[in-house]
Amino acid sequence: MGTLNVESLSFRYPGASDAALQDVTLAIPDGGIFGLLGPNGAGKTTLISILAGQMQGATGLVTANEEPLEALRRRRPGFLGIVPQEHAFYSMLSCAENLRFFGGVQGLAGARLKERVEAAAAFARIESVLARRAGRLSGGLKRRLNLAIGLLGEPQILLLDEPTVGVDPQSRAFLLESIRSLAGRGRTIVYTSHYMEEVEAICDRVAIIDRGRVLVSGTLSEVIRDGSGLEETFMQLTHRSLRD
Amino acid sequence: MRRLLALWEKECLALSRDVLGLAVLFLMPAAFIVVMSLALSDAFKGSPARETEFAVIAADPALADRLAKNLAGEGFRGVPGPASEGEARNSVRLAKYKLVLVVPHDFEQALVAPLDGGNALPELTLLADPALPPAQLLAFRQRVLGAALALRLSAMMRRAGIAVDADALDPRRAATLKVETVGGTGRPSSVQQNVPAWLIFGMFFVVMPISSLFIVERRDGTLARLVSMRVPFSLLLLGKVGPYFAVNLAQAALMLLAGRVLVPWFGGETLALPGRWDLLAAVTACTSFAAIGWGLLVAVCSRTLEQATVIGGVGNLLAAAVGGIMVPRFVMPEAMQRLAEASPMAWALDGFHTVILRQGGAADIALPCIKLVALALVLLAAALWVHHRRRVLSPA
Numbered sequence: 001m002g003t004l005n006v007e008s009l010s011f012r013y014p015g016a017s018d019a020a021l022q023d024v025t026l027a028i029p030d031g032g033i034f035g036l037l038g039p040n041g042a043g044k045t046t047l048i049s050i051l052a053g054q055m056q057g058a059t060g061l062v063t064a065n066e067e068p069l070e071a072l073r074r075r076r077p078g079f080l081g082i083v084p085q086e087h088a089f090y091s092m093l094s095c096a097e098n099l100r101f102f103g104g105v106q107g108l109a110g111a112r113l114k115e116r117v118e119a120a121a122a123f124a125r126i127e128s129v130l131a132r133r134a135g136r137l138s139g140g141l142k143r144r145l146n147l148a149i150g151l152l153g154e155p156q157i158l159l160l161d162e163p164t165v166g167v168d169p170q171s172r173a174f175l176l177e178s179i180r181s182l183a184g185r186g187r188t189i190v191y192t193s194h195y196m197e198e199v200e201a202i203c204d205r206v207a208i209i210d211r212g213r214v215l216v217s218g219t220l221s222e223v224i225r226d227g228s229g230l231e232e233t234f235m236q237l238t239h240r241s242l243r244d
Numbered sequence: 245m246r247r248l249l250a251l252w253e254k255e256c257l258a259l260s261r262d263v264l265g266l267a268v269l270f271l272m273p274a275a276f277i278v279v280m281s282l283a284l285s286d287a288f289k290g291s292p293a294r295e296t297e298f299a300v301i302a303a304d305p306a307l308a309d310r311l312a313k314n315l316a317g318e319g320f321r322g323v324p325g326p327a328s329e330g331e332a333r334n335s336v337r338l339a340k341y342k343l344v345l346v347v348p349h350d351f352e353q354a355l356v357a358p359l360d361g362g363n364a365l366p367e368l369t370l371l372a373d374p375a376l377p378p379a380q381l382l383a384f385r386q387r388v389l390g391a392a393l394a395l396r397l398s399a400m401m402r403r404a405g406i407a408v409d410a411d412a413l414d415p416r417r418a419a420t421l422k423v424e425t426v427g428g429t430g431r432p433s434s435v436q437q438n439v440p441a442w443l444i445f446g447m448f449f450v451v452m453p454i455s456s457l458f459i460v461e462r463r464d465g466t467l468a469r470l471v472s473m474r475v476p477f478s479l480l481l482l483g484k485v486g487p488y489f490a491v492n493l494a495q496a497a498l499m500l501l502a503g504r505v506l507v508p509w510f511g512g513e514t515l516a517l518p519g520r521w522d523l524l525a526a527v528t529a530c531t532s533f534a535a536i537g538w539g540l541l542v543a544v545c546s547r548t549l550e551q552a553t554v555i556g557g558v559g560n561l562l563a564a565a566v567g568g569i570m571v572p573r574f575v576m577p578e579a580m581q582r583l584a585e586a587s588p589m590a591w592a593l594d595g596f597h598t599v600i601l602r603q604g605g606a607a608d609i610a611l612p613c614i615k616l617v618a619l620a621l622v623l624l625a626a627a628l629w630v631h632h633r634r635r636v637l638s639p640a
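Just so you know, the protein sequences line up as chains E and C, in that order.
So the first sequence is numbered by my numbering: it starts at 1 and just counts up by one.
So the second sequence is numbered by my numbering: it starts at 245 and just counts up by one.
Hints are computed from structural coordinates only; laboratory data are not their basis.
Careful, some of the hints might be misleading.
From the structure, some residues in chain E lie toward chain C, with a derived Cβ separation under 10 Å [stated by the list, open to error]:
hint: 1; residue: S49
hint: 2; residue: T63
hint: 3; residue: E86
hint: 4; residue: Y90
hint: 5; residue: I149
Computed from a predicted model, the values in this text were never measured in an experiment.
Think of the CB as a built atom: it goes at the ideal place given N, C-alpha and C, for glycine as much as any other residue.
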């Protein structure tokens with residue numbers, strides 16, 4: 001079970017005149033893929049970082065399975081996982097060393113660690129490059145290693161921050177298929193992306209946020225108002241002016 | 245513990261693949277130990293290994309020879325002099341001679357003149373190369389005055405009807421003087437100064453790999469990922485303490501080995517090892533904690549690799565310059581010696597010298613060790629505080 005509720009979440013970076021997040025309220029149901037959309041600077045990564053516990057100082061309430069997320073994660077550290085936008089691994093270590101390390105810091109050891117490393121590597125189809133230095137992998141393989149690391153702890157809620165940036169169509173198709181299969185196994189996935197066709201293809205529900213506020217949230221059919229497509233709806237809601 | 249072991253393993257793997265970082269940690273101090281031990285070997289000896297040449301010119305060649313014979317020894321060697329005072333001045337100006345003693349033609353007559361207000365003292369002139377160290381010039385000046393006194397006494401005794409050779413009045417023949425240093429082997433030799441000094445310098449250079457990997461971790465998002473995996477920041481810092489403590493211990497073992505094997509192999513002295521290895525280990529450990537604390541603070545405070553390189557590198561160089569690593573403290577003026585007491589490298593050097601040089605006990609190394617550990621705790625607390633402030637304010 002991985003129901004996630006965000007209630008009136010606000011956050012302001014010190015010295016900033018505008019809030020990065022303002023009264024953000026989202027209901028992310030158990031299972032399925034929840035698309036989080038917004039132009040650059042909308043607050044997507046800030047929201048993901050707060051949910052992942054990387055940033056402190058936000059007001060509001062985040063609950064998972066009707067329990068404060070922070071308390072739940074203290075009890076079950078592996079309940080929530082993140083696959084960040086960056087290649088967040090050690091380029092000087094091999095893929096296997098990276099997987100073993102990130103498994104180890106999550107408390108895995110011995111046969112259990114070996115089993116999780118093998119399972120995550122198999123899922124991301126990186127078994128053949130496990131001995132290779134992570135920094136020498138192609139862009140697609142790096143994304144797959146990034147995903148594999150996020151799956152080591154078998155999280156019930158997985159936050160994916162633009163996981164397909166900079167990969168070729170083959171790797172992208174593979175990653176999307178993998179994400180879909182993860183949701184099929186009962187996980188709740190929060191997925192941010194700038195690629196509307198990706199979101200339309202894999203997400204059940206979406207929220208569009210801009211300037212720290214939720215503009216719309218619901219199922220795809222609820223959000224796409226006039227049948228013109230997600231991209232057109234997105235542009236109408238967030239306007240066409242360029243963002244920095 | 246399992247998580248800590250994973251962090252230590254990662255840090256060791258990352259460090260083992262940083263060839264440049266390892267070279268800085270091990271080759272740089274070893275190279276400094278060899279080069280500086282050999283280069284400064286004369287400066288640390290009571291008398292220079294290479295004798296300073298001098299000449300005596302006098303109208304009476306026999307007097308010149310006698311004086312030259314009395315002045316020779318203890319680092320000074322007489323050589324045939326130039327023909328005239330003019331030529332001597334020119335030769336000293338061109339650095340052909342370091343010292344030339346010019347004896348006036350009426351010197352011997354003037355020696356026997358009564359010492360009363362009516363007679364001027366006989367005047368000797370010492371021509372000296374300006375590059376000659378002041379201590380050497382002073383030593384030679386004392387030798388000249390001693391030899392002149394011996395000549396005067398001899399002349400006066402002859403006048404009084406006592407036949408005595410001036411050589412018998414040589415002050416060096418008055419008695420033998422044994423200099424005994426108390427509490428160890430005395431002033432450090434070149435190798436005893438340079439091995440601990442450059443070892444400390446090398447140990448503090450862990451600031452470079454610690455900060456560079458930490459900044460890469462922050463830049464690439466691995467630190468944020470670890471935080472999201474609920475790895476406490478204090479554990480992340482501890483994850484760096486263990487491996488770099490081991491690196492510092494390895495540095496200490498290898499640098500001592502360099503002092504025992506490498507320096508003598510290149511023709512220098514052999515490092516005298518301490519009697520108490522446990523005390524040496526204690527000083528090494530305390531120095532290591534301070535060095536790692538410094539590295540962690542620089543890592544947390546620096547936003548870029550360039551900042552870390554400048555803060556860490558310049559900080560180390562300043563602490564080394566002030567703390568008696570590059571220039572021994574005993575040659576510094578008093579004000580600089582007082583300033584040196586503020587450098588952690590000076591505390592560490594005090595500790596090493598107490599063990600290696602003065603054969604001190606546990607009580608003797610307590611103060612430098614307490615200072616180093618206290619500094620390490622302050623630096624670690626500061627690193628945690630800076631991180632806490634930044635984490636509240638912005639992404640980790």
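Hint-by-hint comparison with the structure:
no., hint, verdict
1, S49, "5 Å, holds"
2, T63, "18 Å, violated"
3, E86, "4 Å, holds"
4, Y90, "6 Å, holds"
5, I149, "8 Å, holds"
Violation of the numbered hints given earlier is confined to hint 2; every other hint is satisfied by the structure.
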